[in-house]
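This is what each chain is made of:
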Amino acid sequence: MINKLRNLKLTPGLILRLLVGLVVLIYLGWRIYQTAFGEGIYGPDTWMRFLITGLVVGGMYALIAIGYTLVYGILFMINFAHGEVMMLGTFAGYFALEAFSAIPAPSAADQGLSFLNANPVIALLLTFIAGAGVSALMGYLLERIAYRPLRGAPRLVPLISAIGASIFLQNAAQLLFGPQRRQYQNPDLLWRGTGWMIPVGGKEVMLTYTGLFSFVLSILLMVALFILVKKTKLGKSMRAVAENKQAAALMGIDVDSVISKTFIISGILAGAAGVMWGIHNGLFNHYVGFLPGIKAFTAAVLGGIGNIPGAMMGGMLLGLLESLGPALLGLDFQLKDVIAFTILILVLIFKPSGLLGEALSEEKV
Amino acid sequence: MKTALKKGLSSGVVFGIVFIFLLLIGLINVGSMMVGDLLGNTKGLAYNDPLPTSNLLAVLAIMGLLAGISARKGEDESKWWVSFLGGLTAGLVSGILAWLAIWVTETMSIDGVNFQTYLPNMDPNDLNYLRFYSTPVAAANTYLVYFVVFSLIGSALKWLFSINGWFAKCWQVCREGVSTWKESKNLKGVLENRWVMLVAFLIVAVVLYFLPLAWGSYWNYIMGTVAIYVLLGLGLNIIVGYSGQLVLGYVAFFAVGAYTFALLTAPEPHGIGLNLWLAVGAAVLTSTATGFLIGLPILNLRGDYLAIVTLGFGEIIRILIRSDILTVLTNGPKGVTNVGQPTLNGEVFSDVNYMHLLLLLVLIGLFIAKRLKDSRTGRAWIAIREDETVAQATGVNTYRYKILALLLGAAFAGLAGAMFASRNQFTGPEDFTMMVSINVLCIVIVGGMGSLPGVVLGAFVLKGLPELLRELEDYRLLVFGALLVVMMIVRPEGLWPAARVKFKKPSGKQAKDLATEVEQ
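The listed protein sequences derive, respectively, from chains Z and W.
Residue numbering for the first sequence follows the working numbering, beginning at 1 and increasing consecutively.
Residue numbering for the second sequence follows the working numbering, beginning at 1 and increasing consecutively.
Hints are not guaranteed to be accurate.
If you want the ones that stay clear, here's a sample from chain W, every Cβ over 10 Å from chain Z, calculated [stated by the list, open to error]:
1) Asn141
2) Glu315
3) Ser323
Here are the simulated lysine-lysine pairs, DSS-like style, with alpha carbons at most 30 Å apart [to be verified]:
4) Lys233(Z) to Lys261(Z)
5) Lys336(Z) to Lys334(W)
6) Lys261(Z) to Lys6(W)
7) Lys2(W) to Lys261(Z)
8) Lys79(W) to Lys169(W)
9) Lys245(Z) to Lys231(Z)
Treat the hints as calculated values from the structure; they're not laboratory data.
We treat Cβ as the ideally placed atom computed from N, Cα and C, and that holds for glycine.
Using the sequences and the hints given, assemble the complete structure.
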């Protein structure tokens, strides 16, 4: 430890880092003191509301972040178009719900009933299958068309290709479906703006059905992914490929097919997150994937890129920081997006391996 | 034969899907309009005159040709009937897909289905045109026939070019001829002659002086935009092309330059009214300082992290500019109006003056970039780009050189920003979205990383051409995205790749001297 300190050289970069760290710490301490002991602007019910929002959004971030982490773990590239994969899932879910609400399923009690409200569980299940399916297909095609021919190229090359694919998909969606915002048709069971009232500190806070639904579903999906990676043969081969592609190939693992399957799995998770995004937030357009994509990447870096539990934790943490942050720091809510970027920058400056990531060797970093 | 069938099938499926996609986004229609413009085959004088359907047929023919050509890519020695088979399969498969797509959409459209609720680019009038104003089945049959016939022609052409490899041989001979001509002493003597270069430079200067006078304000506006993007491209080329650091938030420096200039010269919101040329200097300085501050903590991150962090910075600066807390300083989302304009002989700069100024700046920028590239600094950057670890091992202070690259790149962006704000007389936060960074990155990459003529060419292709092809405006970014992917796969070195400096092997006596020197 002392040796380490002794060997430390005071480069301008280090001095600046220390200064930035000091300023941030002092500001944070002062703000937290203010919100805790100063005159309270927000009551406990407001904090509860922020907490709920944070957890719901965090679950979605976590699902998308897993996609980044899985791909990064295997190919060491940032799948820049992952947010766009999620966006296509949102569109697919929207069209599925539109179709279900157009199919009539009249019952004795209600002649005007649609399939969506007659069988909401089946309809939702099919919607999620549609969203996840389209996203999985997009993930697969993306890898086949834009990334596979570039295997072994210098690192910037696939990244630029990914940026190109992202721009292409975003504009393709805009040209196909138009730039206007569209609204999700939820079944009556999951109507936005309805939910349970929870009494907190004398006031009532609404826990929306859509929020709870999204949160529970994202947790379930994460558990399923964890089991897949840890317990199944596919998961084992994914881990093997992530560890060492050549050795994995020598052990008889079809590396290309494992990579394809990784893209499909991350597409499924992103598609599910996209449908949740639509169901929970309602309005969306072709930009819907951009910010969640970048934030989920932030989450993946925050947790330690390449590390699946890290991505889950990072997503939740980022969701919470984003919803609690502006109030905690006394900032405008306009600056919500700045928080995510600032966190990303701070993490990369101070701890590039993330909270849970191990120190990676030069080759992997 | 099996491979021919397989290739034909895959090419047919790809082109069929591409056709359907283009149909759904309305690009088939726009494409026929463009073909009409190119051939002079546009509408009649009357408002209601329909567009001639021959344009549409030309588009179909081009798609069929491409399908046929790609059906036998790489198979150079096969017999004629194999290529015939490949072309036939490709044409049939893509034709059948097109037949189905046209038949389904047209029948539905005649039945009164309005596609535009979900697919806004499927205009009923366009669909009428795509049907050749006749019945769905007849139209679909035309599509099928065109695809098959032109796919066959395409594969036949490809076959003709590949018989005995004569085309490849010709190509080889031509290339060798060009390279021997390039290497020949005469040409080198001419190129290295100072007077020849001087005369050439003078001619270029005269042409560049008279062009803006000749071509009117519309062209001056477009070419001015191209020139600003050349400046931006030159700056980013130093960062991405020379030193190999992928910076995605380049717009941050552009924004800082533009805002510094605007705030120092505009009457609102501060009314400083600084001398314009000092303000340009201040813009360059502030954006350089921003580059320094941003670069210090993050430049030791590697490749893709750097890309994302700089992207974050670009967005942060835009959000901050339009946020409430900085409205006092930057005028918020309204932007800054009445930005100062330079004067000449007591008159405000006209479009011609701006164009001259921009051309001058571009020439100076090109000169600086060229000299930098050939200098010790430039070689250090290229060493870092090729392999950072090795560069470090050979004694290059990588951190310092990377910061230097960022500083210089930011300075170019600051200059471009000042010019942009002054020419538009306005600057607002929405001028500085991430798309600007992406555009500039495209220019650098499509032109060829590290190549100066590449930057100019890239700016012309990506900023100038879309201005000319107005119909393509909506489709520009789509094409950019596809172009980036295709470039990376097919030609990662860019349209006009940077020439590698070749160091001559010492020959004869020189080599012996060197060898003895080393031994001693």
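Review point. Beyond 10 Å from every Cβ of chain Z: is that where the Cβ of Asn141(W) lies?
Key: holds, 27 Å
Review point. Quick one, are Lys245(Z) and Lys231(Z) close enough, alpha carbons at most 30 Å?
Key: holds, 20 Å
Practice item. Compare the distance between the alpha carbons of Lys79(W) and Lys169(W) with 30 Å, and conclude whether the hinted pair is satisfied. Key: Holds: Lys79(W) and Lys169(W) sit about 19 Å apart, inside 30 Å.
Exercise for review: Taking the shortest Cβ-to-Cβ distance between Glu315(W) and chain Z, state whether it exceeds 10 Å.
Suggested key: Violated, because the least Cβ-Cβ distance between Glu315(W) and chain Z comes to about 6 Å, which does not exceed 10 Å.
Point to revise | Restraint status (C-alpha distance of Lys233(Z) to Lys261(Z) at most 30 Å) | key: Roughly 12 Å separates the two Cα atoms, so the pair holds.
Practice item. Starting from Lys261(Z), check that the Cα of Lys6(W) is at most 30 Å away, please. Key: Roughly 25 Å separates the two Cα atoms, so the pair holds.
Check your understanding: Holds or violated: Lys2(W) with Lys261(Z), Cα cutoff 30 Å?
Key -> Holds - the C-alpha atoms of Lys261(Z) and Lys2(W) are around 29 Å apart, at most 30 Å.
Check your understanding: Between Lys336(Z) and Lys334(W), does the CA-CA distance stay at or below 30 Å?
Key -> holds, 21 Å
Review point. Ser323(W): least C-beta distance to chain Z exceeds 10 Å?
Key: violated, 5 Å
Consistency with the previously given hints fails for numbers 2 and 3, ordered from lowest to highest.
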